[in-house]
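Produce the complete structure using the sequences and hints provided.
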Amino acid sequence: MSQGQHAPGAAIAFSEAQLGEVRRLQGLYPDARGALLPVLHMAQDTFGHISLEVEDYVASLFSISPAHVHEVVTFYTLYFRERPGRHVLSICHNLSCHLAGARGIIEHAKRRLGIEAGETTADGRVTLLTVECLCACEAAPMAQVDDRYELNLTPEKLDRLLEGLR
Amino acid sequence: MAETVLMRNFSNPDSHTLDAYRAAGGYTAWDRALEMEPAAITEEVKKANLRGLGGAGFPTGAKWSFIPKNHTGPVYLVVNADEGEPGTFKDRYLLERDPHALIEGMLIAARAIRSDKGFIYIRGEYVQPWRRFSAAVKEAYDAGLLGRGFDVVVHRGAGAYICGEETGLLSSLEGKKGWPKIKPPFPAIKGAFGQPTIVNNVETLCCVPPIVTRGAEWFAGLGTKTQGGTRMYSVSGRVKKPAVYEAPVSITLRQLIELAGGVTGTGRLKAVVPGGGSAAILTANEIDVTMDVDGLKAAGSMIGSAGVMVMDESVSIPEALMVLARFYAHESCGQCTPCRESTGWIYKMVHRIVDGHGRKDDLDTILDVAKRGAGTTICAFYDGAVGPYISYIEKFRSEFEALIPHA
Amino acid sequence: MPKLTVNGKPIEVPAGTNLIDAARVAGFEVPHYCYHPGLSIAGQCRLCMVDIEKTPRPTIGCNTVATDGMVVNTETDRVRETRKSIMEFHLINHPLDCPVCDQAGECWLQIYYMKYGLYDPRMTDEKVHKPKAVPLGPHVILDAERCILCSRCVRFCDEITHTGELGIFQRGDHSEIGLFPGRELDNKYSANVVDICPVGALTDRDFRFQVRVWYLDTTKSICPGCARGCNIEVHVNRRRPHHAEGRRVARLKPRLNADVNRWWICDAGRYGFGFVDAADRLQMPVRQQGGTSADTTWDEAIAAMAAPLRRLPADEIGIIASPKMSNEDLFALRRIVDRLGIRHVAAQVPPRAPGDQDDFLIRADKNPNSLGAELMGLGGDARTVIEAAGARRLKFLWIFGHDLLAGALPERDVLEALRVVDTVVFTGSNANWTSAHSHWVLPAAAWVEREGTYTNFEGRVQRFRQAAEPLGQSLAEWQIVGRVLAALGEPSAATRAEHWFRELATTVPAFAGLTYQLIGDAGRPLAEAAARR
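Residue numbers (numbering that gives the first Met the number 0), protein chains in the order written: chain L, 0 to 165; chain P, 0 to 406; chain G, 0 to 532.
Quick caveat, the hints were computed from the structure, so don't treat them as lab data.
Any given hint could turn out to be false.
[What the hints assert, rightly or not] Derived lysine-lysine pairs resembling DSS-like cross-links, with alpha carbons at most 30 Å apart:
hint	chain 1	residue 1	chain 2	residue 2
1	P	K347	G	K252
2	G	K83	G	K126
3	P	K370	G	K2
4	P	K182	P	K68
5	P	K224	G	K53
6	P	K45	G	K53
7	P	K370	G	K114
8	G	K53	G	K2
9	L	K109	P	K347
10	P	K296	G	K252
11	P	K46	P	K182
12	P	K239	P	K394
13	P	K116	P	K137
[Stated by the list, open to error] Partner residues are not named here, just some residues of chain L that face chain G (Cβ under 7 Å, in silico):
hint	residue
14	G47
15	L51
16	S64
17	H67
18	H69
19	E70
20	F74
21	G84
[To be verified] With the Cβ distance kept under 10 Å, some of the chain P side facing chain G (calculated, not the full set):
hint	residue
22	C332
23	E340
24	D360
Where is the CB? At the ideal position from N, CA and C, for every residue including glycine.
Put into structure tokens, the structure is as follows:
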């Protein structure tokens, strides 16, 4: 599956191989629609984020109305409707992380990155999010960075982490 | 302490591999189950007093027996790996450290309910657990354990707590928003894709192989009269050693906190959330309760997902409630009116109180609104929200009132 | 048929009846929003809670099927308190828009609050804000703040029109009804969502800000837009003539008929009433000769018509009736045809392009009474009459309603026909090219201004009723024809359309046995149509 952003203006389309994967996924479910979430993940991995055009395209692969794809995309938090930064830093602010000082970590992140939660740095490097329980409370405060969990955060650890994000 | 059942393989760094699992005696339960009648497997699970470990605590064997006997079409086994209850992290460990235990549990459960297809719904944020589990599934297919009468589809969620609700999960599995379904019909009658379905938690299914190999009596004997076995308690917050601890379900909360090294911060216990964010909070005087389904129910709370969050004297209860109220407002799926409208409103009120702009009637309004909404919704999400709304305010009212001018 | 008790009253209902409908059978209202008998069950609003014996908590009525021996209570204290709570939940974020909202007076938040709410509101925080006054399509406008998220509109677009334009996006109290960005709500039944929206979230663009609903009078009628004959209500504004630029007909609404249109109507039918109050309505008899046009009287016009009718041989007279005329109009006209032995009679002017038709309600035949005309022996293609006229075989031509240039008749033939025929009489409600080129113009009352019956394409005879007074001196076609008959020496005793119908029913075999009473509000199939079922 190819990674990366889609060039602006380029038509939104999966490759033949990817379409084969779509069909394979659809075949796993008694109703092909069950493959919608996996295919949206695939689309996000391929095109970088789920634009309206991507929604429309995915809808055509499933014979459901674009409105119903839009419902799904706007319901779940992991689908980005606008291009996120190259890295996504999601800091948990639920109860155990709160008890462990999540607020301070979040404020530190905001200052270091110069953005509010929900925003992306001007250079497109990092999107900062505050999220609900990631279920790693034994290592609070913690965050999800892209695909991995970063545990037992301190301001220093966060600084080192951010330096490593190019 | 009692023996380790669920976490028995964790100390091995390769515990997630088929070889390691087999070497430790894995898949012998499945061999055993293959010689049992499906109904006999269900009976064994019933006798073991296994209760659901995801949150609702429903007797697992009873649930399995709800599948209609005369159904001729497909029956689905769905594993709820959408762990999301604040304070809970046990399933994450099982998925990463002992995926084959779950696969074996799925195989046995599928045989009991006569299912040839299973889906596992893993929350989207659990990327590493997903990769680990998917690798284990591949190993199982390659070894001929899966694909011979039982297939597994690994399905990733996309970020919504409500997909941990049984029928919200099913809606999401079907490719829709995670809106819970109106009941009746219940999933065992009409579940995933309209077919009879059993939804079980990860940990619940991991209990099944030990029950089969060592017997229902043994499992039942580990626990209380109404709930058998051990379970994994996720302990976090103001404790010395936040971690997952396995103990018989008869353990008390006091003993559990001691296991976790005792209270940090001021060192003085103020309150404990015993069963995940949706459980009613217990004061420091209420910790001599057994951490099983009926024990906590009698104490006016619930064991839920066994997510234990410990608070010392320095913790602000109003702030803690605000954090949870924000969570419920954010995670309300929006389908039904009482939850959709009041979770947002209550969060606004609690936030106002914490900010010092609370009004005299706010606390009673929150309590009244919560009580009026409880029991009126499509699913138990709102009842889960009501747990903290009511218990935090009723048990720590003076702390809230202190924040309200002229209260 | 399960037997159950509702509030102590024993009733019996068909199998599969839910408790909202069962309670209604027993005479009790169970308030609800998301339930609609024509759509799937949603169970979202939570307002329809009832108490069922042996059930610990109140249960929603819409999703509970009545079973034998069930004991239901819809008026317990607990149910009343629950309703109050649910009303409060619905109004937490609802904007205080009543003064500017079209739904006022027929809004189910207002109605149910007054009946079941009446609590002291205590929500003083900032409400959630959402888009307001968003046109969704040509006919529907959305106010997302007012929306109570009952999902009726979403289910309508999924289950009835199968077009899926609408969805509920996001979650929690930020949930919002909407279209896929950039799309339109433009299916042919789009405005039905306005009817089923319990509140002012989806409102009618045509009706927006026109007149308050409590000034409207309602009359049961039939849509004349096509051969389906959807049952409707005509809402007329009599009391505030200075509103809506003096339009009398404010709007049409579909009326439930389980055998014809159920709860629905197409947009074309719903908005097809514009001609009733248009500026080109014909209001006076007019004489047009030698380039001049002058108002005249009915007496003069009728007399001027009767003379050639009496004088001319039958085969020099042509009549182009209309499948938009009622059964009564057509039957009265049949009297003249029979009396004079007229042969050149037809009613159908083929349209230029075939009308659209679908597998739901819309019929390609855009006339309400083609079958009636056919049964009355007045069917047939008007082409033959025009040819006879153009070939100078006709000296008198009476045209009902058609604009002969608007159809598929060759323009040259029509022009020639109207040029050479000595006396051309036009009878219709609105002016058109044909009326402008006729010698006599007789104003006909529009369908809302008189009563009568139509026979739909399935052979169902349905009554439409008078909702407004005829404009000016216009008369129903049966009245005009009656006056001509009288001038021909056969005065009719009919003072009401029903009198003509009575004669019709004893004369035309297909209509045997029918009466206005039997037809009622739901219509009645012709004997043969009933036999075919």
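Here is how each hint holds up against the structure:
1. P:K347 / G:K252: Roughly 41 Å separates the two Cα atoms, so the pair is violated.
2. G:K83 / G:K126: Cα-Cα ~20 Å, so holds.
3. P:K370 / G:K2: 35 Å, violated
4. P:K182 / P:K68: Holds - the C-alpha atoms of K68 (chain P) and K182 (chain P) are around 20 Å apart, at most 30 Å.
5. P:K224 / G:K53: Roughly 28 Å between the alpha carbons, so the hint for K224 (chain P) and K53 (chain G) holds.
6. P:K45 / G:K53: 27 Å, holds
7. P:K370 / G:K114: 22 Å, holds
8. G:K53 / G:K2: 17 Å, holds
9. L:K109 / P:K347: Within the cut-off at roughly 24 Å; holds.
10. P:K296 / G:K252: 54 Å, violated
11. P:K46 / P:K182: 28 Å, holds
12. P:K239 / P:K394: Holds, at about 25 Å.
13. P:K116 / P:K137: 15 Å, holds
14. G47: G47 (chain L) check fails; min Cβ-Cβ to chain G is 19 Å, beyond 7 Å.
15. L51: 6 Å, holds
16. S64: 3 Å, holds
17. H67: 6 Å, holds
18. H69: Nearest chain G Cβ about 5 Å off; hint holds.
19. E70: 4 Å, holds
20. F74: 5 Å, holds
21. G84: 22 Å, violated
22. C332: 5 Å, holds
23. E340: 4 Å, holds
24. D360: 7 Å, holds
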